[in-house]
Amino acid sequence: MFFRYHRIAMIIIACCFLGLTAFESIAHGVDDNTRLFLQQNTGIQFFPFLYIGAKHMVTGYDHLLFLLGVIFFLYKSKDILVYVSLFTLGHSITLLLGVIANLQVNAYLIDAIIGLSVVYKGFDNLGGFQRLLGVNPNAKLAVLIFGLFHGLGLATKLQEFQLPEEGLWTNLIAFNIGVELGQFAALTLILLVISFWRKFASFQYFSTASNTLLMSAGMMLIGFQLTGYFVMN
Amino acid sequence: MQHTLSNKALLQATLIALVIAATVLVSFILPVEYNIDPTGLGTKLGLTALANTDSTINTNAGDEAKESGLTTPLNVAENTNIDATDIMHIIVPANRGIEYKFAMQKFKKMTYQWQTEGTALFFDLHGEPEGDTSGYYESYAITTADEMKGSFTTPFAGVHGWYWKNTSDQEVTIKLTVSGEYTVIGLKK
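Going down the list, the sequences are from chains A and B. For what it's worth, numbering that gives the first Met the number 0 labels the leading residue of the first sequence as 0, then goes sequentially. For what it's worth, numbering that gives the first Met the number 0 labels the leading residue of the second sequence as 0, then goes sequentially.
Rather than coming from a laboratory, the hints here were simulated on the basis of the structure. Hints should not be assumed to be uniformly reliable.
Capping the alpha-carbon separation at 20 Å, the derived lysine to aspartate or glutamate pairs in DMTMM-like fashion look like this [said to hold, decoys possible]:
#	chain 1	residue 1	chain 2	residue 2
1	A	LYS156	B	ASP131
2	B	LYS174	B	GLU98
3	B	LYS107	B	GLU170
4	A	LYS156	B	ASP145
5	B	LYS148	B	GLU137
If you want the footprint, here are the derived chain A segments under chain B, 3+ residues with CB under 8 Å [stated by the list, open to error]:
#	segment
6	119–128
7	201–211
8	218–230
A few chain B residues that face chain A, going by a derived Cβ cut-off under 7 Å, partial list only [stated by the list, open to error]:
#	residue
9	LEU4
10	LEU9
11	LEU10
12	ALA12
13	LEU14
14	ALA16
15	ILE19
16	ALA20
17	THR84
18	ILE86
19	HIS88
20	ILE89
21	TYR99
22	GLY134
Here a beta-carbon is modelled for each residue, glycine too, at the ideal position from N, C-alpha and C.
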């Protein structure tokens, strides 16, 4: 009874948090100040772009949820490094190529796919694919592929500003480095919390609940973005 | 890695995830983000008001916004009096930028005149097409000045108006006089 009570309380708290606060941060594109900056400045802007990239990652709950799912059951630092590098490789490729090749993808659809990546990882953590298919899909390959989609999402948002050609490469690379720095900062925090939590028995008790919630958050993202796609187009 | 869940537990977890997601989406997220409120809970909690102050114009924001009076949606602009004239005083706080907007139909004209008490402001007079979500906008005039007089005809239906930036350490009051076929939206949040 004790655990059941706590589980429900935790689910409620998490829901309130997700529903009321998380969606207030920048879901689409960039905030007003950033936007004005991008409109008014041309040429090479290394550190501003670095900052925008980092901020986008730290406040981008969709990217963070996916990363949380990826490292949830990774105990060895080597594994964490490998998986995060694969994710980084994936999103760097599409971020750079997407902007350079002027690849236009609908932001709502790409964000829905990012939501799907969160659902996928939650389901995977629950052992869902093992149960359904009898085998675990290649987790490394999955992280790489979803990394490609996350990068495409970043590229789509950057392109909303019709970036000037002048200094584009430098700005892009600055943005990408910023994304990695932001990811590193966010990841460090997530890892600290998760490693601390792992020391307690509650981690095992709640791992199912946590991944269920992760799936649920991903589903919310999908619903949120798909509704946007149909309403706004 | 945790143990693989039993079929029953897996199904249960997936169903719980779906139910939570659907509930939060329908009751909170959709009302706030898109003003879609099937349960009526969004209106009850005052969440739909958030959707109406959003800078993006929702396609079906009409009725709610009229009641709350928070914004004037585009579809009201069709009933706008021809050649309305308005004089407004807009305060731009020190070191801040603000946006002041009007909803206008396609090919409608606005004649305007504005001046500050002497402080020059950077401004961007521009329009954003209705229903556009890509962040696209078209600028009609960009410069730094303490007054300007002119007119424009909208190339598309949407939200048109000024962005003013005050780089001084004192607040600046702009006196703006406009006439034409428009509906005042006012200060963007």
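Quiz item: Regarding the hint that B/ALA12 lies at the interface with chain A, is the smallest CB-CB distance below 7 Å?
Solution: Given a least distance of 4 Å, the restraint on B/ALA12 holds.
Self-check item: B/GLY134 as an interface hint toward chain A, with CB separation required under 7 Å
Solution: 4 Å, holds
Quiz item: Are the Cα positions of A/LYS156 and B/ASP131 separated by 20 Å at most?
Solution: 14 Å, holds
Self-check item: Restraint check for A/LYS156 with B/ASP145, where alpha carbons must lie at most 20 Å apart
Solution: Outside the cut-off at roughly 34 Å; violated.
Quiz item: Against chain A, with CB atoms and a cut of 7 Å, does the hint on B/LEU4 hold up?
Solution: 5 Å, holds
Quiz prompt | Per-stretch coverage check for the segment 119–128 of chain A, three Cβ contacts closer than 8 Å to chain B | solution = Coverage by chain B holds for the segment 119–128 of chain A (6 residues, Cβ < 8 Å).
Quiz item: Regarding the hint that B/ALA20 lies at the interface with chain A, is the smallest CB-CB distance below 7 Å?
Solution: With a closest approach of 3 Å, the B/ALA20 hint holds.
Practice problem: Return the status of the interface hint for B/ALA16: holds when the least beta-carbon distance to chain A is below 7 Å, violated otherwise. | Solution: At about 4 Å, which falls below the 7 Å cut-off, the nearest Cβ of chain A leaves the hint on B/ALA16 intact, so it holds.
Practice problem: Have a go at the B/ILE89 hint: is there a Cβ in chain A nearer than 7 Å to its own Cβ? | Solution: 17 Å, violated
Quiz item: For the hint on B/LEU9, does the least C-beta distance to chain A fall short of 7 Å?
Solution: Cβ of B/LEU9 sits 5 Å from chain A, so the hint holds.
Quiz prompt | Interface hint outcome for B/ILE86 [beta carbon to chain A under 7 Å] | solution = 27 Å, violated
Quiz prompt | Restraint check for B/LYS148 with B/GLU137, where alpha carbons must lie at most 20 Å apart | solution = 19 Å, holds
Violated hints, in rising order: 3, 4, 11, 13, 17, 18, 19, 20, 21; the structure is consistent with all others.
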